[in-house]
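Q: The chain contents come next:
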Amino acid sequence: MSKHAVIYKNETNEKTMKFLARFVKRVNSNPPGVCPLSVQLSFLQSARSQSCGKCVPCRDGLSRVEDMMRSIVEGRAGEKDLEDMVRLCHMIEDTADCAIGYEAARIVLESVEQFRDEYMSHIRDQRCLDEVGHTVPCITYCPAHVDVPNYIALIGEHRYADAINCIRIENPFPTACAFICEHPCEKKCRRDILDSPINIRGLKKFAVDSVAADQVKCPEALPATGKNIAVVGGGPSGLTAAYYLSLMGHHVVIFEQRDHLGGMLRYGIPNYRLPKDRLEQDINAILSTGNIEVRLNTEIPKDLSMQQIEAEYDAIYLAIGAQGGKHVDIPGADASGVYSAVDILGRIGRGDVPDFSGKRVVVIGGGNVAMDACRSAIRCKADEVTIVYRRRQVDMTALPSEIQGAIEEGVELLTMNAPRSIRVNEHNEVTGFEVQPQIVSAYVAGRPAVSDADLERRVIGCDVVLLAIGQDILSSPFSDYDVNPHRKTFETLNTTRLKSYEKIFAGGDCVFGPSTVIKAIGAGKVAALNIDSSLGYDHEIRGNIDYPKPKENDRTHIGRVHLTDRPARERKKNFEPVENGMTYDEAMQECRKCLRCDHFGCGGLQ
Amino acid sequence: MDMQINEKTEGQMKNGTVTLTIDGTCIRASEKDTILTAAQANGIQIPHLCFLKGINEISSCKVCVVEVEGQENLVASCTTTVREGMKVFTSSPKARYARRMNTQLLLSKHDSNCNICLRSGTCQLEKIVKEQSINSQLYQNTSSKEAWNDDFPLIRDSSKCIRCMRCVHICDKIQGCGIWKLEHRGSEVFIGLEREKSIEETDCTLCGQCITHCPTGALRERDDIEKAYLALADPECITVAQIAPAVRSAWAEMVGDREGTLSEGQMVAVLKRLGFDYVLDTVFTADLTIMEEGNELLALLEKKDPEDTMPLFTSCCPGWVSYLTKKHPELLPKLSTAKSPQQMFGALIKTCFAQKIGADPKKICSVSIMPCTAKKREALQPGMDASGQRDVDIVLTSRELLRMVKASNIVPQALPSLPFDDPMGSGTGAGVIFGVTGGVMEAALRTAYAVMTGKEAPDDAFRIVRDERSGRDEALRIGSRREAEFDLSGRILKTCTVSGLKYAQEMIDDLLSGRASYDFVEVMACPGGCVGGGGQPVAEGEELAPGRGEVLYRLDQKRTKRRSHENAQVLQLYEEYLENPLSEKAERLLHCEHLPYLINDPDRFTSGFSEM
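One line per chain: the protein sequences are D and U, in this order. Just so you know, the numbering used here puts 547 at position 547 of the first sequence, and the rest follows in order with no gaps. Just so you know, the numbering used here puts 450 at position 450 of the second sequence, and the rest follows in order with no gaps.
Please keep in mind that the hints were generated in silico from the structure rather than gathered at the bench. No experiment lies behind these values; they were computed from the predicted model shown. For every residue, glycine included, the Cβ atom is placed at its ideal position computed from N, Cα and C. Worth double-checking, as some hints may not be accurate.
[Claimed, not checked] Listed next, the stretches of chain U that the computed footprint assigns to chain D, with coverage defined by at least 3 CB atoms under 8 Å from CB atoms of chain D:
1) 56 to 62
2) 97 to 106
3) 550 to 556
Construct all of the structure, not just a fragment, from the sequences and the given hints.
A: Shown next, in the form of structure tokens:
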């Protein structure tokens with residue numbers, strides 16, 4: 001046989017890679033609660049098998065590290081053994097020839113730094129730390145801890161209304177989340193061990209498309225408590241808190257500075273992703289609980305001071321979001337034609353759609369807001385839309401599907417270019433955008449940094465610049481209330497209560513910075529529960545749903561149903577929703593794939 | 001001439017020279033040097049283990065790691081090239097710790113029962129452990145011993161293998177045989193044979209290079225000392241020893257006699273003290289080989305078509321003969337039919353010599369002392385029983401002889417020299433240089449010249465085959481191939497001299513493809529020839545073949561008779577016993593037919609030769 005071949009093919013390698021792909025899936029769907037040290041142990045076993053066997057530190061050293069790690073995991077090791085292991089790892093890091101050896105040692109060393117408590121627990125107490133223990137992945141990774149397996153089971157039995165109510169036990173925004181949730185529940189779905197994660201958001205969408213959320217009756221509110229609670233901000237977090245407080249029998253007043261409820265769901269997320277009429281369905285359902293009074297167009301402190309609210313209400317939940325668009329400090333940033341993306345999206349949300357006909361638009365940023373801005377600009381009839389981003393496309397924080405959607409609709413991505421200045425004419429109108437090409441470099445804080453490349457700057461001709469480089473929390477009116485002067489966020493305990501105020505709580509973007517809607521919802525619910533107990537109650541939210549009995553696992557490998565979009569050339573002409581739902585057959589197939597981790601496996605222990 | 005070479009070297013150095021410091025000492029080195037070679041050239045020692053220049057440069061053991069200023073990781077000094085301004089620290093705490101830990105990791109899979117290991121004292125791992133004052137094992141020992149046929153002349157103890165891959169590379173890269181393979185992967189890697197084969201079933205030529213290059217006692221020859229002692233102790237048994245030329249070069253090392261003059265006589269005295277009844281010199285049959293093989297060559301040349309590119313191959317190296325048998329049986333007819341000097345002597349000892357001393361050949365135990373492991377097998381090959389029984393009974397390597405001397409508490413320096421026994425104890429300088437690559441060729445040329453021209457060539461007329469001009473040390477280390485042409489009375493003789501089997505294969509490839517054409521080709525399996533033989537003593541980290549070759553050339557120079565056809569005893573043997581070279585009797589005793597037999601027939605390694 002010849003030593004030379006055009007195509008390298010080795011059947012064993014190919015078969016091994018196929019098995020490894022499944023191994024990778026298993027690693028990817030690592031269940032929450034696995035002991036981080038046993039993860040290290042299995043990692044070392046893999047590393048050892050990858051050693052070519054040439055050099056001693058890797059070949060013989062890694063198996064010794066594995067022995068040591070095993071003795072730590074099994075509680076047979078002392079502190080000196082840990083020290084010895086660290087020293088051996090340093091030696092392997094220093095002398096192994098290739099990445100198989102030195103990077104394995106580095107990873108172990110990093111684990112010792114990051115999991116020192118866990119190591120010490122194994123050494124001193126011969127067991128894992130208390131918080132280590134298996135939980136159901138989708139429920140755990142959902143910040144609102146929605147009971148995913150049960151609502152999937154309900155959908156599978158065509159009980160869509162019950163499914164919606166099941167979701168509402170933890171999350172009063174089934175519709176909004178059906179459209180735009182980033183679905184962390186799917187991230188570690190155990191189904192990925194077999195084929196791929198269940199399309200949980202798609203199923204939720206199927207449920208709310210089958211029965212409108214405001215047609216599903218919410219549970220009856222509990223008897224009135226006579227307590228008055230103020231919620232500042234009518235976005236997802238404030239509305240969530242209001243919903244549960246209302247169900248608990250408390251009287252809630254929502255102070256909203258704009259003329260409609262919904263916050264960023266209305267004013268930040270374009271209609272084509274979350275149609276306003278569908279958002280209305282969730283809001284209607286929330287308000288239907290009866291104990292919620294809404295005061296629109298009420299701004300603090302202009303219309304009402306915090307002191308007044310403090311005096312009048314038994315508890316306060318601050319959920320003011322992150323409403324301000326960040327500005328860049330580059331020459332020309334004050335030119336006419338430069339807008340904050342948040343402001344433009346807010347205008348569009350109010351129905352004030354700008355006309356960009358004949359204009360070239362540059363969008364700065366790589367997050368979801370940048371994608372919303374550029375896709376909206378397309379719908380505002382812009383001639384050209386270009387995204388300018390300092391890093392690479394893979395570094396963009398926007399959802400890949402959003403980036404893909406933008407590209408399909410004709411947006412140009414100009415990556416690896418940093419903003420330098422905005423060029424203006426004599427009337428201070430934007431004429432161009434100057435960028436400096438970048439080169440990707442070493443990792444800083446977990447992602448590759450960029451720096452100026454040795455290349456000429458260039459100017460992109462444009463008439464409009466939309467800045468989507470982050471959002472500010474407009475917390476200055478509340479500066480006496482535990483606001484971090486640097487980050488402008490409220491500082492709270494993990495119960496959402498402000499650090500130095502007994503009855504003031506805060507949550508959502510104004511606490512952890514601009515983030516996902518489901519995190520804001522989760523915070524609103526936690527706030528409601530803690531406000532309730534701070535008032536001396538212990539109300540429980542129940543659904544009174546009769547859940548179906550779990551069915552046996554369907555172990556057949558079945559492909560994941562992906563939601564499709566309307567054709568780009570049609571959808572980009574207007575703000576109508578872009579995403580198509582699942583068909584009935586698709587939804588039922590996807591439901592059948594649920595492995596019911598709440599029942600089989602660790603779920604059965606709880 | 002020498003001056004010119006030096007100047008040129010100096011000039012090259014100036015262009016590509018860098019300055020660096022090692023442990024604070026400022027040194028200059030060629031930009032192509034590694035840290036290790038630069039350090040060694042300046043008298044700075046860096047411990048190393050797996051490294052073998054040109055053979056095993058894989059930085060596997062990481063014992064030679066050093067710290068370089070400004071660099072976070074340590075570097076292997078054996079494979080890292082020097083840089084201008086480099087600051088190297090060979091013994092920084094980090095470097096010392098890494099060296100120690102890697103040594104401990106090696107020890108964890110090495111059977112450290114050193115007091116019963118033959119390599120104790122020359123073991124490189126032992127040396128490194130001692131240097132670092134390591135006095136306990138840090139990790140649990142997980143060495144394991146695999147089954148092995150202890151009757152085979154090459155013995156492997158897997159529990160001592162440190163998987164440095166030297167054997168793998170010497171066998172593959174230098175000898176082109178590839179007997180040793182990497183088995184398993186990852187941390188379970190070990191050295192094994194071709195899949196599903198035992199050592200007898202492989203193409204092992206038994207050159208023994210893996211033994212002499214193993215840093216530990218994982219590889220060694222079958223120990224036949226005890227059998228020799230039994231024969232010596234048997235009053236009925238007449239023990240006759242023959243000593244190969246190259247053995248005396250190693251002997252010189254052992255007694256610290258670099259000149260190698262006194263030692264020949266001492267060697268005889270020691271063997272007599274050990275109890276051998278007769279001590280003969282294989283140099284005698286080396287001269288005889290020249291007479292037989294030389295005449296074979298001359299007869300061949302006479303009828304050779306000038307268009308015929310195929311040469312006569314020498315047959316005195318059993319490693320080479322078995323290589324050709326296995327890889328190119330179609331070329332066996334080109335091999336000289338002359339037996340090796342060992343086997344010629346074996347046949348003569350139990351016939352002619354037995355008659356001379358009036359002994360029953362059945363009572364003679366013929367023991368040869370060889371620099372070679374393949375000779376242990378050659379003695380057992382089919383056809384090596386011209387005397388009616390095994391011509392050679394016991395083959396001891398140089399190492400075994402030295403061990404016997406130690407075991408018998410003999411101090412060689414204290415013994416007066418004794419001559420070899422007559423009438424087969426004398427040899428010419430031509431026979432002596434058989435032990436070094438090019439020696440057989442040079443000896444043959446000395447005699448062929450005389451026969452074809454009718455006059456004697458001046459001394460050292462053929463030293464060109466020694467190839468002294470370029471990189472001889474290198475050639476003796478990893479083998480070489482040299483070509484030459486000689487005008488013998490109008491007949492141009494094209495020769496090729498090869499050592500190292502990889503070069504032999506290249507030579508064969510060139511012959512078969514028509515790229516080369518020779519009349520006479522000398523092949524020695526071991527790089528440098530028998531002086532670098534697989535049975536020679538090991539001085540770890542040092543290649544001794546070059547120095548040993550010098551010993552033999554000096555002995556040659558001091559001999560009054562330096563041409564095989566001048567050996568009076570050889571001539572007497574023809575006159576009294578063999579008649580003429582290539583006579584019927586000579587053919588029967590001194591020649592054999594080369595057949596494509598199984599080189600490692602398992603049947604030959606089952607009984608009777610097992611160690612005691």
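Q: Holds or violated: the stretch 56 to 62 of chain U covered by chain D, criterion of 3 or more residues with Cβ-Cβ distance under 8 Å?
A: With 5 residues close enough to chain D, the hint holds.
Q: Counting residues of the stretch 550 to 556 of chain U that have a beta-carbon nearer than 8 Å to any beta-carbon of chain D, does the count reach 3?
A: violated (count 0)
Q: Quick check: the stretch 97 to 106 of chain U, covered by chain D? Criterion 3+ residues, Cβ under 8 Å.
A: holds (count 6)
Of the numbered hints listed earlier, the single one contradicted by the structure is hint 3.
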